[in-house]
Amino acid sequence: NPAAVGIFGYSFLDQNSDKLQGLQLNGIAPTFENIASSEYPISRALFIYVKAQHADVIPGMREFLDEYTSEKAWGPNGYLSEKGLIPMPEDERKFYREAALTLDNKPSCK
1 NPAAVGIFGY SFLDQNSDKL QGLQLNGIAP TFENIASSEY PISRALFIYV
51 KAQHADVIPG MREFLDEYTS EKAWGPNGYL SEKGLIPMPE DERKFYREAA
101 LTLDNKPSCK
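Every letter in the sequence shown is one number past the one before it in UniProt numbering, and letter 30, counting from 1, is 30.
These are computed hints drawn from the structure, not numbers from a lab.
Careful, some of the hints might be misleading.
In silico DSS-like pairs for lysine-lysine, Cα to Cα no more than 25 Å straight-line [said to hold, decoys possible]:
no., residue 1, residue 2
1, K72, K94
2, K51, K94
3, K19, K83
4, K72, K83
5, K83, K94
Note that this is a predicted model, so its numbers are computed, not measured.
Generate coordinates for the entire structure from the input sequences, incorporating the hints supplied.
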C-alpha cells in the first residue's frame, strides 16, 4: 500500500531505503543528524534502568555497564551505531557513563 505509514527504528529505514521513504514532519526529514540532535519531532531516547542494589549481586552487571557505555560500543563509531543506535552528544555520553559506572543517584536528564 503506497499510502501506508509505519513507525520503526532508524536502522530499519536506513537498511531498507530502497523500499521505504522517511516521513518529513514540519519539514524535517528523519536523518541520522536530525534524530541525533532531537530535531526530528518523533525521535525518542532508549533508556536502560539498573538498580544500584543489583550491581554487586547480578554477575556481570558492572562489566555489562562498562561495556555498554564505552565509546567502542555507543560512541559515534561504535558497534551499536553500526546496528542503528544513534549516539548521544559526547557530553551526555560522559555524564551517563559516569552515572552507570558509579551507580550514583543522578537525575535521569541533564
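To see whether the hints hold, each was checked on the structure:
1. K72 / K94: Holds. K72 to K94 sits at ~13 Å (cutoff 25 Å).
2. K51 / K94: Satisfied, since the Cα-Cα distance of roughly 20 Å is no more than 25 Å.
3. K19 / K83: Roughly 19 Å between the alpha carbons, so the hint for K19 and K83 holds.
4. K72 / K83: Distance ~13 Å between K72 and K83 Cα, so the pair holds.
5. K83 / K94: Within the cut-off at roughly 21 Å; holds.
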